[in-house]
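Based on the provided sequences and hints, a complete structural model is requested.
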Amino acid sequence: MIATFFLIALLQIKVPDAAQVLGPPQGPPLAGAQLERRTMELSSELRCPVCQGLAIGDSPSIMAANMREQARELLSRGYTREQVLSYFEKSYGQFVLLKPKFQGVNALVWLLPVLVLAIGFVIVVTKAKRLEKTPVPAAGAAAVPEATSEVIDDPYLARVREMVEKS
Amino acid sequence: MNRTVLIVGIVIVAAIVFILFAGLGKDPAHIDSPLVGRPAPPFSLKAVGTGEMVDIEKLRGKPVVLNFWATWCGPCYEEHPTLVANARNLQPGVQFVGVVFNDDEDKIMRFLAERGTAYPTLLDAQGKTAIAYGVGGVPETFFINPEGKIMAKFEGPLTTEALQAELAKAMR
Chain A
0 MIATFFLIAL LQIKVPDAAQ VLGPPQGPPL AGAQLERRTM ELSSELRCPV CQGLAIGDSP
60 SIMAANMREQ ARELLSRGYT REQVLSYFEK SYGQFVLLKP KFQGVNALVW LLPVLVLAIG
120 FVIVVTKAKR LEKTPVPAAG AAAVPEATSE VIDDPYLARV REMVEKS
Chain B
0 MNRTVLIVGI VIVAAIVFIL FAGLGKDPAH IDSPLVGRPA PPFSLKAVGT GEMVDIEKLR
60 GKPVVLNFWA TWCGPCYEEH PTLVANARNL QPGVQFVGVV FNDDEDKIMR FLAERGTAYP
120 TLLDAQGKTA IAYGVGGVPE TFFINPEGKI MAKFEGPLTT EALQAELAKA MR
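Those protein sequences? They're chains A and B, same order as listed.
Mapping of the first sequence onto numbering that gives the first Met the number 0: residues 0 to 166, in sequence order.
Mapping of the second sequence onto numbering that gives the first Met the number 0: residues 0 to 171, in sequence order.
Bear in mind the hints are in silico, worked out from the structure with no lab data behind them.
Built from N, CA and C at the ideal position, the CB exists for glycine as well.
Incorrect hints may have been included.
[Said to hold, decoys possible] No farther apart than 20 angstroms at their CA atoms in a straight line, the calculated lysine to any residue pairs in the SDA-like style are these:
#1 B:Lys61 - B:Gly115
#2 B:Lys152 - A:Gln93
#3 B:Lys152 - A:Gly92
#4 A:Lys98 - B:Arg109
[Said to hold, decoys possible] Simulated restraints, written as ranges between beta carbons of each label pair:
#5 A:Gly26 - B:Ala124: 26 to 34 angstroms
#6 B:Arg59 - A:Val113: 48 to 56 angstroms
#7 A:Leu114 - B:Ala124: 49 to 57 angstroms
#8 A:Ala106 - B:Met170: 35 to 43 angstroms
#9 B:Met108 - A:Ile12: 14 to 22 angstroms
#10 B:Glu77 - A:Gly119: 31 to 39 angstroms
Okay, structure coming up:
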């Protein structure tokens with residue numbers, strides 16, 4: 000009698016189901032070592048919401064353990080990596096994805112470094128070209144000793160140099 | 000050339016200052032919930048103590064204050080009296096529901112016996128309901144309108160003022 004009561008209670012418990020959000024699974028159900036490997040991979044892509052920048056795979060918190068378990072269950076039911084990521088994103092927002100998506104303002108994260116590199120490259124090339132155009136001093140000029148070729152503005156320095164040369 | 004460098008420098012520094020300044024007033028721990036404005040994920044869980052099944056979909060027709068908490072959460076102790084007092088004042092026009100995850104039924108019973116209760120407290124054994132609601136740290140409270148749509152989410156311990164302000168969004 001008591002067992003039946005608990006069975007009924009258990010049957011009535013209904014937690015929010017991924018199928019309501021994601022529809023049917025789009026991949027094959029996983030099991031064994033493959034399931035563990037995929038769960039590990041996914042766990043490194045999801046951010047633990049109660050930690051400081053940790054993946055759920057690296058966090059010892061209860062919340063992260065629950066999320067790993069949820070990811071494992073969804074993969075075992077045949078939900079794909081993209082579907083599982085999307086499930087978490089739908090409840091936690093893009094914050095939960097450790098790798099931001101290539102869209103909107105986030106695209107700048109990818110585009111800005113490339114743009115800055117390209118601008119730097121253009122600057123370097125332009126400078127190099129300008130240097131190429133500046134006339135090279137005549138061959139004879141290079142043979143002149145350095146000390147005499149320099150124009151000394153500083154009277155003190157000129158005096159020092161004079162004294163050194165004399166001694 | 001020097002002028003160009005100066006202008007580029009000013010533009011870069013201004014952009015950085017703008018970004019930092021824009022983020023200054025924000026709480027870094029706050030996450031905008033994508034669930035606000037969407038239907039509350041349906042669940043049916045067992046109430047601690049009474050064993051009564053509470054189905055969130057059956058509560059349509061009145062605003063629902065859905066509070067996620069746990070006995071291992073410090074701020075939840077601070078928040079509990081506010082929730083109980085407001086539930087006593089506002090029910091039955093508004094339904095209060097507590098959801099506890101990753102907790103022990105005995106500890107919850109003791110907590111409620113010592114501190115009182117005025118609404119069902121449901122046990123979310125594996126935290127799946129919490130995940131579906133995007134719960135990070137507890138306490139977190141959702142304000143659901145009579146049509147079953149989440150209208151607001153509050154993170155951290157509620158005060159009466161905060162509760163009433165958020166609840167007003169679910170009453171409209």
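| Measuring from beta carbon to beta carbon, are B:Met108 and A:Ile12 in 14 to 22 angstroms? | holds, 18 angstroms
| 20 angstroms limit on alpha-carbon distance, applied to hinted pair B:Lys152 and A:Gly92 | At roughly 13 angstroms apart (the allowed maximum being 20 angstroms), A:Gly92 and B:Lys152 satisfy the hint.
| Given the hinted pair A:Lys98 and B:Arg109, is their alpha-carbon gap at most 20 angstroms? | Distance ~43 angstroms between A:Lys98 and B:Arg109 Cα, so the pair is violated.
| Are the Cα positions of B:Lys152 and A:Gln93 separated by 20 angstroms at most? | Holds, at about 17 angstroms.
| message | Given the hint of 35 to 43 angstroms, is the C-beta distance from A:Ala106 to B:Met170 inside that range or not? | response | Distance hint for A:Ala106, B:Met170 holds at roughly 39 angstroms.
| Taking the CB of B:Arg59 and the CB of A:Val113, does the distance hold inside 48 to 56 angstroms? | holds, 51 angstroms
| Do the Cβ positions of A:Gly26 and B:Ala124 conform to the proposed distance bound of 26 to 34 angstroms? | With Cβ atoms ~27 angstroms apart, the hint holds.
| Quick one, are B:Lys61 and B:Gly115 close enough, alpha carbons at most 20 angstroms? | violated, 24 angstroms
| message | Given the hint of 31 to 39 angstroms, is the C-beta distance from B:Glu77 to A:Gly119 inside that range or not? | response | violated, 54 angstroms
| request: Check the following: the C-beta atoms of A:Leu114 and B:Ala124 are separated by a distance inside 49 to 57 angstroms. | output: Holds, since A:Leu114 and B:Ala124 (Cβ atoms, about 50 angstroms apart) stay within the stated range.
Consistency note: the structure conflicts with the earlier hints numbered 1, 4 and 10.
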